[in-house]
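With these hints in hand, go ahead and build the complete structure from the sequences.
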Amino acid sequence: MIAIASDLIAELDHVLKAGPPGRRIRILRQVAGLFLEDVHRLNEQHVGVFDDVLVRLIDNVELHPLTMLSRSLADISAVPRELARRLANHDDADVAAPILHKCACLSEADLIDIAWLRTEGHLFAIAGRAKISPELSDILLMRGDTNVLRALAGNAGAEITSGGFAMMLDAAVRDDEIARLLLSRADLPPDVRDGLVKRSTPRRQAQLLKIVPPAVRDAIRASIGAGSAPTGAAPPVAVDYTEAKATVMGLNNAGQLNDSSVNRFAIRGEAHNVVAALALLAAVPTETIELLLNSADIQGLVIACRASRLNWTTTLAVVTHRKADRLPSRQRLDELRELFESFPLSNAQRLIRFGSISDLTAKGSLARKI
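Taking my numbering as reference, the numbering of the sequence shown is continuous, increasing by one, and the terminal residue is 370.
Since the hints were derived computationally from the structure, they do not count as laboratory data.
Please note that the accuracy of each hint is not assured.
Claimed, not checked - Ranges between beta-carbon positions, derived for each pair:
no. : residue 1 : residue 2 : range
1   : 63        : 146       : 17 to 27 Å
2   : 239       : 219       : 53 to 63 Å
3   : 346       : 34        : 45 to 55 Å
4   : 219       : 26        : 57 to 67 Å
Glycine included, C-beta positions come from ideal geometry on N, C-alpha and C.
Pasting the structure below:
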């Protein structure tokens with residue numbers, strides 16, 4: 001086998017210098033076939049040789065051979081690592097999807113980078129992986145379209161954070177399939193289930209009872225009964241941040257989501273864009289930012305801006321142009337500026353992602369966290 005591989009490498013060098021594209025594809029198929037035939041007998045060094053060769057061969061190859069290569073490698077445990085990374089990062093989702101969906105050799109860092117930068121097709125493939133970390137789930141929820149959210153909601157191997165469930169709840173209010181999948185999850189917190197039921201009309205509640213598995217119908221009926229008493233007020237209407245997320249994601253992909261753009265959103269009173277921008281920059285659900293933006297005290301909002309790497313000028317624009325009953329006093333602003341400038345970035349990011357809303361908004365509660 002080693003002798004054959006050496007001959008192919010020699011031929012590869014010639015093709016890379018002067019050979020026609022068709023010959024490159026033929027050699028790619030030969031080397032890939034040789035690898036697949038003997039993969040069960042290869043040691044780490046052998047796999048490394050194939051990795052070097054195949055990575056050199058896939059440059060400037062048309063999509064169909066790359067897609068077929070990706071599909072053939074996806075179920076193999078010993079996939080060449082660099083080859084897998086190149087295929088998973090390919091611009092075309094058809095090429096990347098098989099590796100993203102199944103390949104175990106991709107690192108968490110690789111998957112997170114791809115989830116932040118690539119298309120809905122890439123995200124959908126990641127959402128179907130056997131295991132998905134909480135951080136990766138949050139990114140998929142923040143960036144994904146309806147199909148991505150459906151895939152994630154129906155994936156029992158996806159670990160969902162409390163903030164992630166809040167984002168999924170917002171989507172489930174608008175989409176029956178997400179609602180069905182969400183209500184079928186064994187790890188669904190009861191308050192999320194109750195929230196979905198309470199935010200549904202009586203007609204939709206009846207529909208939910210029909211589409212959920214029998215095992216969860218009693219819990220749904222209990223939620224309906226608990227929410228049937230009149231409250232005297234209409235339930236809050238969920239805010240749809242789809243357009244705002246698309247706007248800020250476009251700016252982010254172009255490298256233009258920064259102090260200038262967020263400052264402009266704040267001054268123009270574009271609250272939806274402010275919420276979506278801070279959520280993306282701080283890697284938290286839009287619901288978290290929305291609560292902080294509407295809080296009586298702005299301490300938590302200041303911490304969110306710090307976690308988003310914004311400067312104080314932009315932070316001041318965000319807190320003073322929000323829709324609130326009254327502006328904070330000059331003394332309070334001075335206190336918060338001191339907090340903003342002394343609070344470590346890593347602490348701010350950890351607190352905004354994993355702390356409670358009460359921690360973020362209670363005056364004086366952050367002094368011991370610096």
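These are the hints, each one checked on the structure:
no.: 1; hint: 63 with 146: 17 to 27 Å; in the structure: holds (26 Å)
no.: 2; hint: 239 with 219: 53 to 63 Å; in the structure: violated (27 Å)
no.: 3; hint: 346 with 34: 45 to 55 Å; in the structure: holds (48 Å)
no.: 4; hint: 219 with 26: 57 to 67 Å; in the structure: holds (59 Å)
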